[in-house]
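Visitor: Below, each chain spelled out in residue letters.
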Amino acid sequence: MGITLDAKIPSGNIADKWDKHKFESKLVNPANRRKFTVLVVGTGLAGASAAATLAEQGYKVKTFCFQDSPRRAHSIAAQGGINAAKNYRNDGDSVYRLFYDTIKGGDYRAREANVHRLAQVSVNIIDQCVAQGVPFAREYGGYLDNRSFGGTQVARTFYAAGQTGQQLLLGAYSALSRQIEQGAIESHTRTEVLDIVVVNGRARGIITRHLITGEVKRHMGDAVLLCTGGYSTVFFLSTNAMGCNVTATWRAHKKGAVFANPCFTQIHPTSIPVHGENQSKLTLMSEGLRNDGRVWVPKAKNDKRRAEDIPEAERDYYLEERYPSFGNLVPRDVASRAAKKVCDEGRGVGSSGQSVYMDFRDSIKRLGKQVITEKYGNLFDMYHKITGENPMEQPMRIYPAPHYTMGGLWVDYNLMSTIPGLFVLGEANFSDHGANRLGASALMQGLADGYFVIPYTLANYFGATTLEKVDTQNPAFGDAENTVKERLNRILSVKGNRTVDSFHKELGRAMWDNCGMSRNAEGLTKTIEHISKLRDEFWNTVRVPGDANYVNPELEKAGRVADFLEFSELMCRDALSRNESCGGHFREEYQTEDNEARRDDENYCYVAGWEFNGVGKEPTLHKEQLVFDNVKLTQRSYK
Amino acid sequence: MSASTISVTLKIWRQKNPQDKGHFETYPITVSTDASFLEMIDQLNGDLIVQGKDPVAFDHDCREGICGMCGAMVNGYAHAHEKATTLCQTHMRSFKNGEEIVIEPWRASAFPIIKDLMVDRSSFDKIIQSGGYISVSTGSAPDANATPISKIAADHAFASAACIGCGACVAACPNASAMLFVSAKISHLAHLPQGRVEGKKRAAAMIDRMDELGFGNCTNHRECEAACPKEIKLENIALMNREFLTAEFA
Ligand SMILES: Cc1cc2nc3c(=O)[nH]c(=O)nc-3n(C[C@H](O)[C@H](O)[C@H](O)COP(=O)(O)OP(=O)(O)OC[C@H]3O[C@@H](n4cnc5c(N)ncnc54)[C@H](O)[C@@H]3O)c2cc1C
Ligand code: SF4
Ligand code: FES
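Line by line, the protein sequences give chains U and Z.
So for the first sequence, the numbering used here puts the first residue at 1; every next one is plus one.
So for the second sequence, the numbering used here puts the first residue at 1; every next one is plus one.
Among the hints, a few may not be true.
Said to hold, decoys possible - Simulated crosslink set (DSBU-like; lysine-lysine; CA at most 30 Å straight-line):
#1 495(U) - 557(U)
#2 505(U) - 126(Z)
#3 217(U) - 126(Z)
In short, the hints are calculated from the structure, not lab data.
Start from the sequences, fold in the hints, and give me the full structure.
Guide: Right under this line is the structure:
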């Protein structure tokens, strides 16, 4: 087909590209902006910041989210912090270093120009948020505090206790609310987007379903921004909220948007482990705990003694052993795989054997209970509430959990997908984190995209394009609406005997086992078959009660799970076709002698962009070759 | 995590839609003590679906106490009996074997019931829209460290900004007042120099909007503070009243 993945990276020196591009971009005259309607799907950090900013500039904006308020997007749950190259600490940080760390952390699978722009605008984000009243942590002198986070050697992370995401989102939500009050934004809550409307090759609208009234509706726009977050819930159990989904991006993919690197998922090393069959989600324990918690398992297999009865000599502090220079602070992908390895060896702890200890005993001895309480009191309480165990008295038990998805819809430098007029922001796009995301950089990216990138690139699109007049009577709207309604009816008409959750759990388990922390060709091939069978079974035996005319959470879930049952196959195919290990993608066949990831830059230094050819049909692979002009590719080492 | 089970009797408010009068239904259930309260309802719903019955509708999303989407009255307590804990963070180990558990939606005229335990809290968004922000457009901010803010003020602002907008304060209040919610936002911004600029105007606008939307008055029952999962302090209401009074007579 005629798809070429042209990233449209501006020419020139890396540090000048963005400024040059902004200057060369077309503008839209302030008086003309209200003639353009922008549909913003999602009101997390990416969507809320974009919607507010575009409305301030004079565009007509409509926002959509499935929760009952824009303030509840899953960005609200981010704990640790947000990076910015402010160098307030005078400790050697700079735009270039943040750029460099992010490229290296991503295991050299991200686009240099995008990442450099991200590092550049990071400083403006903090300014903007403080002006909105975001209560970041401060020092006694009144200036902003920073901490170091996620294996970096500078303190560049800004934070608001353990609730950074909440405070940043409330900031963006306040800007959004101000524009709603002024009539510049029309906010649609409890509204799910179920299709994208493409007219003459351009994204010109969406089809929504109201989750209370059940009404299916058409919305016309001059551009559509998908800011719909990540798809970690494909694994069923994850640290994401229950409603997180792939629906909007997947349906855009089916309409022609290329999906990039779907198999690049991040498994976070420190989550509270699974307790049983009825568990619905996993709770993250901030990785800041790794500063003072020592990770270990017994040296012997199946050692059922209580932690305190296991003598020092019989404990294996495996991270400190294997990675003497980074110890417990190795990056997420490395820590997660190491935990899986010791559990696979039969040395995991807890009744399931699927967890490892994170032990604060030595830090409590060294620093005292009070200091530990000041630093981690909140997290200890949260752990205690969930598990009934007190980490002051016995080691915490942790295990890796799906957390973030680096993959997403392919976008060019302007954040535009392969469908003209369809832009993708935040976790929903693939752009900045390569094969592994560094801590505290997703919040940065979401806000960079929304506050500081899209206002320029969208204006350039409007300025450079002659858009024909389109209304919702256009046949493309009718077709899309029919597809949506047919799908809803089809789900309701199965009337089988299996619950939606049971499908989601079975799919999640298969993906976790075979397309999770470690993958191999055999497991992936088997899983592709498994998914295809499960999909058939879903369409023949799923039971969704009620109808589509009023509140029906089972129907919502069923639609999302049906999409996961298609999308998960693409994840497996992507993982299968990437015959190398990089970042969060670990193929067992491609490892070094000491079990570390073995990258293959000669053959796989590309973004894998997939084109849809039909459900269950082989998708077409399009490659965007990655060019590194500034950073030298090396083997990541944390020994 | 000591996996054991308890058997309890659930009495759950079932209401098809706003027009329906609603009634309680009783469901016996045996559940793991490690399950969260919402996982217990998931389990019940799974059984109801297989039996061809209508599952219980309830709002939820993050299931870690931060999005503010969940909430119900449990045995008369908003978000159940545990202090400073949302419903999604409440676990079944805090209930006794054989116990009867009564589950009802938030009840307040400004939060109409949608179905079963789901209510419409869009009035909270409308209150924020009336002025719960600093009027700054993107791009016009000075350097973040240009204005030092004392750690004490910043910590106070943060403590009030921690409100998750769940509505438990309204549900717990005999007058269904939204004072705690409104005062939390006013106080968050009033503690910061950049928020002071519009302080009085904001307080007046938000209180007017709250009244318009049919929330009740505060007559000092203090139930809101006890119910709040984020321990938002009642002092905020006093601060808000000060802002409001000076706004009225300024
Ligand atoms: C527990 C946790 C902790 C984290 N901690 C950190 C951290 O410390 N630092 C950091 O940088 N990152 C962190 N992250 C990652 C970061 O929070 C997310 O990547 C980021 O917030 C995503 O923002 P977003 O705007 O792209 O999407 P989201 O905030 O997920 O918003 C998605 C929006 O899309 C809407 N939506 C989705 N689908 C549809 C649909 N079909 N129709 C209509 N609307 C739809 C939703 O309603 C919502 O409004 C954390 C993530 C988790 C899960
Ligand atoms: S003040 Fe407390 S109870 Fe009220 S909405 Fe905020 S968090 Fe909920
Ligand atoms: S579900 Fe988010 S606070 Fe309970």
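Visitor: Return the numbers of the hints above that this structure violates; sort them in rising order.
Guide: 2
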